[in-house]
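The chain contents come next:
There are 2 protein chains.
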Amino acid sequence: MTVTVAIDCMGGDHGPEVTVRAALEFVRKHDDVRAILVGIEEKIHPFLGNVDGLSLVVRHASEVVTMDESPALAIRNKKDSSMRVALDLVKSGEADACVSAGNTGALMAISRFVLKMLPGIDRPAICAILPTVSGHVHVLDLGANVDCSPEHLLQFGIMGASLVGAIEHKDRPTVGILNIGEEDIKGNDVVKRAADLLKDSGLNFVGNVEGDGLFKGDAEVVVCDGFVGNVALKASEGLVQMLASFLRQEFGRNLLTRFAALVALPVVRHFKHRVDPRRYNGACLLGLRGIVLKSHGSADVLSFDNALDRAADMVRSGVLERIALRVAQQAGQQANQESI
Amino acid sequence: MTVTVAIDCMGGDHGPEVTVRAALEFVRKHDDVRAILVGIEEKIHPFLGNVDGLSLVVRHASEVVTMDESPALAIRNKKDSSMRVALDLVKSGEADACVSAGNTGALMAISRFVLKMLPGIDRPAICAILPTVSGHVHVLDLGANVDCSPEHLLQFGIMGASLVGAIEHKDRPTVGILNIGEEDIKGNDVVKRAADLLKDSGLNFVGNVEGDGLFKGDAEVVVCDGFVGNVALKASEGLVQMLASFLRQEFGRNLLTRFAALVALPVVRHFKHRVDPRRYNGACLLGLRGIVLKSHGSADVLSFDNALDRAADMVRSGVLERIALRVAQQAGQQANQESI
Chain F
1 MTVTVAIDCM GGDHGPEVTV RAALEFVRKH DDVRAILVGI EEKIHPFLGN
51 VDGLSLVVRH ASEVVTMDES PALAIRNKKD SSMRVALDLV KSGEADACVS
101 AGNTGALMAI SRFVLKMLPG IDRPAICAIL PTVSGHVHVL DLGANVDCSP
151 EHLLQFGIMG ASLVGAIEHK DRPTVGILNI GEEDIKGNDV VKRAADLLKD
201 SGLNFVGNVE GDGLFKGDAE VVVCDGFVGN VALKASEGLV QMLASFLRQE
251 FGRNLLTRFA ALVALPVVRH FKHRVDPRRY NGACLLGLRG IVLKSHGSAD
301 VLSFDNALDR AADMVRSGVL ERIALRVAQQ AGQQANQESI
Chain P
1 MTVTVAIDCM GGDHGPEVTV RAALEFVRKH DDVRAILVGI EEKIHPFLGN
51 VDGLSLVVRH ASEVVTMDES PALAIRNKKD SSMRVALDLV KSGEADACVS
101 AGNTGALMAI SRFVLKMLPG IDRPAICAIL PTVSGHVHVL DLGANVDCSP
151 EHLLQFGIMG ASLVGAIEHK DRPTVGILNI GEEDIKGNDV VKRAADLLKD
201 SGLNFVGNVE GDGLFKGDAE VVVCDGFVGN VALKASEGLV QMLASFLRQE
251 FGRNLLTRFA ALVALPVVRH FKHRVDPRRY NGACLLGLRG IVLKSHGSAD
301 VLSFDNALDR AADMVRSGVL ERIALRVAQQ AGQQANQESI
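Protein sequence lines, in the order shown, are assigned to chains F and P.
Residues 1 to 340 in the numbering used here are what the first sequence spells out, letter by letter.
Residues 1 to 340 in the numbering used here are what the second sequence spells out, letter by letter.
Wrong hints could be hidden among the right ones.
Which copy is meant is left open, because identical chains are indistinguishable; a pair holds if it fits in one copy or across any two.
Below 20 Å or equal to it, Euclidean Cα-Cα: the simulated SDA-like pairs (lysine to any residue) are [stated by the list, open to error]:
| id | residue 1 | residue 2 |
| --- | --- | --- |
| 1 | K29 | A244 |
| 2 | K272 | G252 |
| 3 | K29 | L56 |
| 4 | K216 | P277 |
| 5 | K186 | S70 |
| 6 | K186 | L73 |
| 7 | K170 | G202 |
Simulated from the structure, these hints should not be mistaken for laboratory data.
The following block holds chain F by itself, in its conformation from the complex (with noise of 0.2 Å):
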């Protein structure tokens, strides 16, 4: 099987000189990989250099979707677009799953618009990996759901756990709820009702999951609306960025603390290896019936590979018809339920 993954090239701060040199890497260390770049064919050419024999394309899209656009009028406006024209490729099955580092917004609008949800799921959920003491999270939505519904919050549980149970092969990741506090009577209402829903859905809930929870690995897969997981994750973005800045500071303060630095640089660097932002780096656009990640604007060539990596293992494992299955499942065993 071959995974094909259509890449809108002119998205993210950096644009084509990010994206095509991410690609070309992308191609050179599958075998079982081929690449759709998407774009204007002017600016990507000049990225791209000597492609014979590596797997992949350019597929022309004229416009461009500006990170500030409305998502309503990217939609009506640029059919042209390397965003519009990548999921296209998508829609239409010559391409297994689309990566942008552009607009999320818009992103998320044309996806939905292009791409339609998956049966049983009302909205997409952005599903980001975060690092914690003992491996990582999946935490759901990051911002794509600012109010969110109870039965909202048990559908972004179920496609969290299907993710994980698919890429990781594993049968039953456990799922924890965001919450203020480790007791039930804890949290405002909806939270207090999602949680309910979670117990009863077969899923392997274990409850509330505070925010140090989160970095302590308390759950595997942690839901979440989109309002609170956005403001976490960006909170903890500012936080790493400056107990770096601090960090740098302190080093730099003098000769002797120089000297320091140049002893402990080896550690340093394996440290920051361990929370390297670039190794988390792809969000998935989770619902929707097809495979769409997100990568942060301001990612690198490292970090929009690591983007391209993770929507092959989405398309390897197969996480669309888990998701799909589990969704039908879930309704089933509701209609069951309701029928006793």
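Starting from the known structure of chain F, arrange chain P on it as the hints suggest.
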């Protein structure tokens, strides 16, 4: 003027061992303070030693509110708890402030029951200080209110700005609202309406602050509902703990890395001091007719002592009067607008 602080000596994970020692430190350090140590006398005395000439007294209280006790039961059944008696001392005017490391929910509920709310404020809010790249930020609410109306968020803004204005002698501290994007159209309905209220409030409102903006110092006061605030705060704590444990692991890997740790020790110490959560201990419960500080339950002596210092600062700078005045102005302003 002497500032009298009533200390709930029985609260927190370590009880009198920490609270009494911190109280001794506190009265030794300041000429203008007096401490009332509230709790079970025979548990307090072993940690007191010679108190000749020190400005402190012990007030016996026979009961203790436990960490997992229901706030409603604590109000009803424990009228002689150290927490309740300390708050009664504020109510009667014998003390100017109360500091407790005990059960947050109970402290919240008993404070509200004993002290009542300031006129014009509907709900108390928990306000804490977080470090930023350029200084620090006051954030509220951090968990007292899981659901907030736009009016509540406006009140938080007024209280936060009054607090910073009084303590840091700032005329018009900047106020932001925690949101998932910088643009006005972002966020849920409550946040958008709250932003409109804040814009018209006369506060120095700087608009939306994203999660990472918290630590970038985008505003001096940031308001949010207690659910989001609590998750962001605890996620940050969890992340710092994870990074610290990773650093320890990396520096402990082998002989070479242990040598590096030794060389880097002074730098790491400096760094740790800058982000030491103990320096930021002491969240205030704003909106009450009295000054109440909540210390972290796991606080050590240094940490609890910081909370005592913060309480004394709040009394000295007349925070309560400033909040009351600002709320009254706001009410006048609104009445004015409505009559136009």
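>> For K170 and G202, with the copy left unspecified, which applies at a CA distance of at most 20 Å: within, between, both, or neither?
In response: Cα proximity of K170 and G202: one copy only (15 Å, versus 55 Å across).
> How would you label the pair K29, A244 (within, between, both, or neither) given a Cα cut-off of 20 Å?
Replying inline: Neither: 32 Å inside a copy, 34 Å across copies.
>> Reference check for the pair K216 and P277, CA-CA at most 20 Å: within, between, both, or neither?
In response: Close inside one copy (17 Å) and across copies (18 Å); limit 20 Å.
>> Checking an output row: K29 and L56, CA cutoff 20 Å. Within, between, both or neither?
In response: within (13 Å within a copy, 72 Å between copies)
>> If the cut is 20 Å between Cα atoms, do K186 and S70 qualify within a copy, between copies, both or neither?
In response: between (37 Å within a copy, 12 Å between copies)
>> As a check of your reading, is K272 near G252 (CA-CA no more than 20 Å) within one copy, between copies, both or neither?
In response: both (17 Å within a copy, 15 Å between copies)
> Are the CA atoms of K186 and L73 at most 20 Å apart within a copy, between copies, both, or neither?
Replying inline: Answer is between: at 17 Å across copies they meet the 20 Å cutoff, but 41 Å inside does not.
Hint compliance for this structure: hint 1 alone is broken.
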